[in-house]
Amino acid sequence: MDDKQRNEAYNQYVKAKIPKTRAWPSLFNSFWVGGVICLIGQAINDLLKLAFPMLSQQTNWTLTLIILIFIASFLTGIGVYDQIGKFAGGGSIVPITGFSNSITSPSIEFKSEGIIYGICVKMFTIAGPVIVFGVASSMVVGFIYWIISLF
Amino acid sequence: MKIFLDYLWVFLIGGTICMIGELLIITTNITSARILVTFVLIGVFLEAIGVFDYISDFAKAGINVPIIGFGASLAKGAIGAVETHGFLGIFTGGLTATAGGIAAAIGFAFLFALIFKSHTKK
Amino acid sequence: MEGVTIKLKKQPKIIGSYAIVGPKEGQGNFGTYFDYVMKNDFFGEDTFEKAERKMMENAIVGVIQKAKLQTSDIDLLISGDLLNQIISSSYAARAFKIPFLGVYGACSTMAESIAVASILVDAGFCKNVVCCTGSHFSTAERQYRFPLELGNQRPPTSQWTVTGAGSSVISLEGEGPKVTEITFGRVIDWGINDVNNMGGAMAPAARDTMLRHFKNTKTKPEDYDLILTGDLGKLGSEILIDLMEDEGIKLGTNYGDCGQMYFKRKQQTLCGASGAGCCATVFNSYIMKKLKEQQYKKILFMPTGALLSTTSTQQGDTIPCTCHAIVIEA
Numbered sequence: 077m078d079d080k081q082r083n084e085a086y087n088q089y090v091k092a093k094i095p096k097t098r099a100w101p102s103l104f105n106s107f108w109v110g111g112v113i114c115l116i117g118q119a120i121n122d123l124l125k126l127a128f129p130m131l132s133q134q135t136n137w138t139l140t141l142i143i144l145i146f147i148a149s150f151l152t153g154i155g156v157y158d159q160i161g162k163f164a165g166g167g168s169i170v171p172i173t174g175f176s177n178s179i180t181s182p183s184i185e186f187k188s189e190g191i192i193y194g195i196c197v198k199m200f201t202i203a204g205p206v207i208v209f210g211v212a213s214s215m216v217v218g219f220i221y222w223i224i225s226l227f
Numbered sequence: 005m006k007i008f009l010d011y012l013w014v015f016l017i018g019g020t021i022c023m024i025g026e027l028l029i030i031t032t033n034i035t036s037a038r039i040l041v042t043f044v045l046i047g048v049f050l051e052a053i054g055v056f057d058y059i060s061d062f063a064k065a066g067i068n069v070p071i072i073g074f075g076a077s078l079a080k081g082a083i084g085a086v087e088t089h090g091f092l093g094i095f096t097g098g099l100t101a102t103a104g105g106i107a108a109a110i111g112f113a114f115l116f117a118l119i120f121k122s123h124t125k126k
Numbered sequence: 002m003e004g005v006t007i008k009l010k011k012q013p014k015i016i017g018s019y020a021i022v023g024p025k026e027g028q029g030n031f032g033t034y035f036d037y038v039m040k041n042d043f044f045g046e047d048t049f050e051k052a053e054r055k056m057m058e059n060a061i062v063g064v065i066q067k068a069k070l071q072t073s074d075i076d077l078l079i080s081g082d083l084l085n086q087i088i089s090s091s092y093a094a095r096a097f098k099i100p101f102l103g104v105y106g107a108c109s110t111m112a113e114s115i116a117v118a119s120i121l122v123d124a125g126f127c128k129n130v131v132c133c134t135g136s137h138f139s140t141a142e143r144q145y146r147f148p149l150e151l152g153n154q155r156p157p158t159s160q161w162t163v164t165g166a167g168s169s170v171i172s173l174e175g176e177g178p179k180v181t182e183i184t185f186g187r188v189i190d191w192g193i194n195d196v197n198n199m200g201g202a203m204a205p206a207a208r209d210t211m212l213r214h215f216k217n218t219k220t221k222p223e224d225y226d227l228i229l230t231g232d233l234g235k236l237g238s239e240i241l242i243d244l245m246e247d248e249g250i251k252l253g254t255n256y257g258d259c260g261q262m263y264f265k266r267k268q269q270t271l272c273g274a275s276g277a278g279c280c281a282t283v284f285n286s287y288i289m290k291k292l293k294e295q296q297y298k299k300i301l302f303m304p305t306g307a308l309l310s311t312t313s314t315q316q317g318d319t320i321p322c323t324c325h326a327i328v329i330e331a
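Chains Z, D and A are the protein sequences, given in the same order. Mapping of the first sequence onto our numbering: residues 77 to 227, in sequence order. Mapping of the second sequence onto our numbering: residues 5 to 126, in sequence order. Mapping of the third sequence onto our numbering: residues 2 to 331, in sequence order.
If you're looking for bench data, these hints aren't it; they were derived computationally from the structure. Please read these numbers as outputs of a predicted model, since none were measured by experiment. Errors might be hidden in some of the hints.
[Claimed, not checked] Now the stretches of chain A that chain Z is said to cover, found in silico as 3 or more residues with beta-carbon under 8 Å: (1) 147 to 161; (2) 192 to 206; (3) 235 to 242.
Just so it is clear, CB atoms sit at the ideal spot from N, CA and C, and this is done for glycine as well.
Work out the full structure, taking the sequences as your base and the hints as a guide.
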C-alpha cells in the first residue's frame, strides 16, 4: 500500500470516527434565535412607521437595518454576541447582525496593533468577501439590465 | 389578528432561513464568511429574477433582516440606477442603495473598537 | 525502523517543576495541582501576548525558586511556545541573564525541551537547565482561528488551547524523577488537512514514535505505569488506540491523554484541551507529584505537535505532525 492509498484510507477512517452530534438541538436554536432577530427587526420597522409616517418604505428599512447593526455592534463590544453565536450558530450569523458582528469583532480584536494597522486594516478580514461578492454581483446584474435596456 | 399573522410569518420565514444557514454549517463545516457570501449571492439572484419583492411583501423582516435582504438591495440599487442613469448606474447603483448599512457597520465597528477591549471566550 | 532511542547514562533528574494556568484551566480536573491560577486571562497586562509572556516569566522564576536555586545557578534556558517566531519565549528570556535556546515543536515542545536539556546535562556540558513551555488560548485563537468576539460555533472535533505555562529544572544534583530514555519523533503526515481535527492529524505521529520506541527499547505498554500522550484529545486518543491495535499492540487502562483528561465535561471543550501549555502544565503538576509519591514508577511521556502555520492552512496543505517520547522513572 503506497502513501497515497494509506492517506485516503486514513482520511475515510477518521471521517467515520468523528463524533456525530445531534443536529436537531442546534437547528432548533438557530431557528428560534434567527426568527426572534427578524421579529425584533419587524418591530423596529413598525415602530418607525408609526413615529415617522412620511418616510418611504425603502428609507424605513435602511433605518431599521442601521439600528440592528448598531445593537449587534454594541453587543459584540460588550462580549455578548459571541455567546449568542455559540448557542445559535446560523441563527445569529445569517441576519444582518451577523454581518455587523463580523466587522466589529476583528476591529476590537486587533485594536492592540494600533488604530491604522489594527482596527482599520483588519476590519474587513471576515466581512470583506461579503462586500466584494455583493458589489461585484450587483455590477453583473446592473450590466445585464443595461444590455437589456439597449434593445 | 392581522398583525399577529404577519409576525408569525416573519418569525417562521426568518427562522427557516437562519436554520438553512445552520444546516450548511453542520453539513459542510463552512466558515461564517462563506455563509454570509452565499446568502448575499442568493439575495442578489432573487432580486435579479424579480421574485424578491413578492417574497418581501408577506415575509417582511423575515427576508429583509437576513443578509439576503442586503444582497437584494445591492441588486435593486444597480437595476434602478441603470434605469435612471444608464451605463454609470452599473457602478453607482449597488453601493448607493446599501450605503446606509455599510457605513453604519463601519462607523459603529470603529466606534466600539475604540471604546471596548477584547474579551476572552468562556 | 529508523532512528535511535537515546539511553541516558547518568540519568539527569527533574529537580523542580512549576505550573501556572488561567482561570478556566484552574476549574478543570487538575485544578488543585497547579502552583498558581491566574484570576483573569490578561494577568494585569494590556494585551494577551504580554500576558502569555508574563506567564512564562513567572513559570521560570517559580521553578528556579522551587528547585531552591538562584538565577545565577542556571546555565541554559530552553523554551518554546505557539506564537509566530516563538516571541513569548524570547521575550520572557529577555528578563533573565541566562543563555537562551528557543525550540519549536508545537504542542510537543515540553518533551522536546526536556529531551534536549537532559542530553546536555547528561553529557556534562550544563549543570542546571530550565525548560519552559506555554500557550495562551486568546493569542492562539487570534493567530490560528477567528477573532474572539466573532459569534461562530466550534466544530465537534475542535479542542481548546490551554492558557498556561509549565517549567522544569533538569540537573544531575538534587532529588527528583529521572529522565532515562529519549526517542525523537519523525515528521509524519497522513494527509489530514482539517485544522479543526488536530487529534486525527497527530495520532499517526504518536503511533510512529510509540512503535519505534517499543521496538528500540524492547518494551511493551504493560512495562509502563502510565503512557501519556499530549493533546490528542478525545477523538485522537481513540484513533491512536485503534491504530496501535492494528499493529497488534493493545493500549490498556495505563494509557491516558492530557488533552482528554484536562477539562471537565461541563466546561464544553468538545474534544478536550490542546496547546503547548496543555501537557506542560499537567506534566509539571499532577504527573510530577505522582512520580515523587512513587505512585508512578516508570512513565512514557509523549506529547504530539502539529507543525502547521496559518499560511500552509490557507493554501490547503495537509498537516505534518511530530511526537517526541521521553521515559521518566521515579
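Structure-based check of each hint:
Counting residues of the stretch 147 to 161 of chain A whose C-beta sits closer than 8 Å to any C-beta of chain Z gives 11, which meets the bar of three, so the coverage hint holds. Restraint check on the stretch 192 to 206 of chain A versus chain Z: 5 residues with Cβ-Cβ distances below 8 Å, three needed, restraint holds. Coverage of the stretch 235 to 242 of chain A by chain Z holds in this model, with 4 residues showing a Cβ closer than 8 Å to a Cβ of that chain against a need of three.
Of the numbered hints stated above, none is contradicted by the structure.
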